[in-house]
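S.K.: Chain B: place on chain A using the hints.
Those protein sequence lines, which keep their order, are chains A and B.
Position one of the first sequence corresponds to residue -15 (the numbering used here), numbered consecutively onward.
Position one of the second sequence corresponds to residue 119 (the numbering used here), numbered consecutively onward.
It is worth saying that the hints were derived from the structure and are not from the lab.
You can take every hint at face value.
Residues from chain B that face chain A, not an exhaustive set, calculated with beta carbons under 7 Å:
| # | residue |
| --- | --- |
| 1 | Pro179 |
| 2 | Val249 |
| 3 | Asp251 |
Estimated spans, in silico, between C-beta atoms of each pair:
| # | chain 1 | residue 1 | chain 2 | residue 2 | range |
| --- | --- | --- | --- | --- | --- |
| 4 | A | Thr237 | B | Ala191 | 44 to 50 Å |
| 5 | B | Ser438 | A | Asp107 | 54 to 60 Å |
| 6 | A | Glu194 | B | Ser337 | 40 to 46 Å |
Each residue gets a CB set at the ideal place from its N, CA and C atoms; glycine is no exception.
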Amino acid sequence: MSEVRWIARLGAPLVVASLAFAASGAPPGLGLVSLTAPAARALAACPTGPDAGGAPAHGAARPPAGRRAWFTLTERMDARGTLVGWRFRSGPLATPPTIDVEVGPESFAEGPDDGIAVLGRDDGATSVVDVIDVGGVGSGCSRASATSRDVIRDAIRDAATGDVFVHRLDRLTRADLGVVRIRGDRLAGGAAVDIDAVGEPAVPPLPADERFGATWATRMLSSTDGRTLAIQSCGATACRTRLLDVATGGVTTVDEPPHGELIGLVDGALVAWAACDGLPCQIVRIDAATGATGTLSDAATAAVLVGGDGRPRIVVEEPRAGGWTLALVDPADATRRTLASPNGLKLRPHRGGRTEGAELPNGWLRLVPADSSGPAWGTDANAGLLLRTDDARTADPATDPTEVR
Amino acid sequence: MRWHVIPRLWPLVAAFALSAGLAVTAVAPVLALTPTPPLGGTPWLQDQRVGYRWRTGQVPPSWLQPAINAAAADSNGSRASRAATLAYDGSALSLISYDAPTRCASNALACADRSGAPSSFTVAYQRNGYVFDWGTLRWCQAYTTRPYGCFDAETVGLHELGHVVDLGHYSGSVAGSAYLDSIMQPVSRQYPTTGWNLHTYGRCDVALLQRLYDMQTWSAPYSTCGSVATVMTLAAGTAGTGGSRTFTATLKVAFDSTIGKLADNPVTGRVVTLQRRASGSTTWSTVTTMATGPTSGSYVSTVAVTSRTDWRAVFATPPSEGLVGSTSTILVVSPTACVGVCASSPGLAVGPR
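Isolated chain A (complex conformation):
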């Protein structure tokens, strides 16, 4: 696997990034835009042209400097502590945000991949998903928009084709409507497209299953090789994961053994939390074809997927008497080695909905102080460090580690 593909896919599972922009908020010249009302194209449209729309070809070279990007979703609360929406900020790695917008409470973000993020938002009547160029120098524009009268709960872009997969719920009943695929060429025209008109069924609606009960959360995630899209729907105690072969359209369901949230999808296997009641919790590997299960950690409190030596591994944080340890675990065979935790830093806890994402080079991950809370970036004093798992090299999170020598 080339590093390029790995980087492209690493964005989704990793929640790591850092920038050196003013902690006070948006930089000069960047206006805060409210997108609570999700009018399509509320974000500035990207200029059209041969370099503007499409997608990098398969096996494309590493994104040029400035193409790596980050995003954060920060909660917006009213005076009583009720979530009233989110603040989406995003920009090229190691630079201030190029986008700073307010969106409603039913919003999400995915990516970034090759400097492109996906932002979804809803106003109670219409959902909009924007494909946003955040990594390009001077960018911060919406490449494409798609709208739906149903509720868009998640969307993810296939970096290889530019296709966007959209998961929706019925607005009235909140029943699962499955996943549709919007071809990249349908999005390249510049105008907002109606998902009902252009979406192709990709994964059918989730059938009811009393073993799982009502669905609490659905999230999509790409495999490290980009060939498979996981659509994971979690009930109160366990999740079921449907795997879409992006090339053939075949769908495989993994609902046994019971498992928790995905950490990654590696070599045809789910790397996931066990269906635990709380933390610490096991981390397991489930072969999607056979259901064979192995244990990658007996008790972990945090985990992230990273590249390293050309193959994906997970870094797990495990409690030990009086503290914790970090271990680098190969999901293929559970072999592991201990990682030094500089300055007692920890993995960023991020089990739930995605509130941050970044494209870091192979093997890099972000560590934060134990008392760190919420997605915090830039000159935040709690920013922590970037750590390269291969050689324990560290970098200031305000830098682009690509430039670390």
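M.R.: Same frame as chain A, now just chain B:
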């Protein structure tokens, strides 16, 4: 109602009886209820006082803080065991926060992390207004008039603090009124569904806490979730004036590796009767209810023995707690001055039959 017997209890009890040479335990059928499973990890110390404070930068809003403190009081008040007690302490290591989107699984109203036990724990609450696939989360306490479908933050808080003290999720039936058996149901009930605002541990939660942390006193009642076998022994003292004998019964919990700290506990303050029958008879009659003895789990009675009779002590299975009754081995007692094997009057000894 289904009944069953814990199979592996039998050989353990039998082994104890044989080795002691003087006790037999009767294990009655028990309810199918089983204690809430443990979450796992290092337990707290018995009666450990564990403080918590609000996480800086993620402080629960003013409407939530009283509910969390009430949940801690609920835990302390209904633990019925020596489980850790919880209380707000501004300098504590343990943190409670209002930032679940980053700390909890995406399918959680709130979550707990007890990996820091026995030093600390964390609990995080999901934000009011957070949107799940099924709809928008509303905490009842956030509203002057509670909205239909809201969740009680105190009930959920007690559930999370249950995790903190090592309770896992209850997997028993939730049909009918069974939700009362455990606050640790995987899904909390929403207002106004019955049970939406439970503020005490259920009996199956208490059953595990008692196994993990032991009883507060030897006379405290055992949870009715599951069953705990007992062992009764009986001994007779030397004959006194007018042929009186002092019988001493000892009641304790039987050894069982599955009941944790409860094994071998003295059992005090129960109703233990002393019974006798004429030699050769099959009919027992109750002579007296034995008084509490000088040591934990002991019961004493002094009665006149005027003829050779069989004696036993009986602890009947109580209807209001989870102990299983037991009966001692039979003592054959004769009106003789000797106790034990009496060389001068063989056959008239006191001893197990």
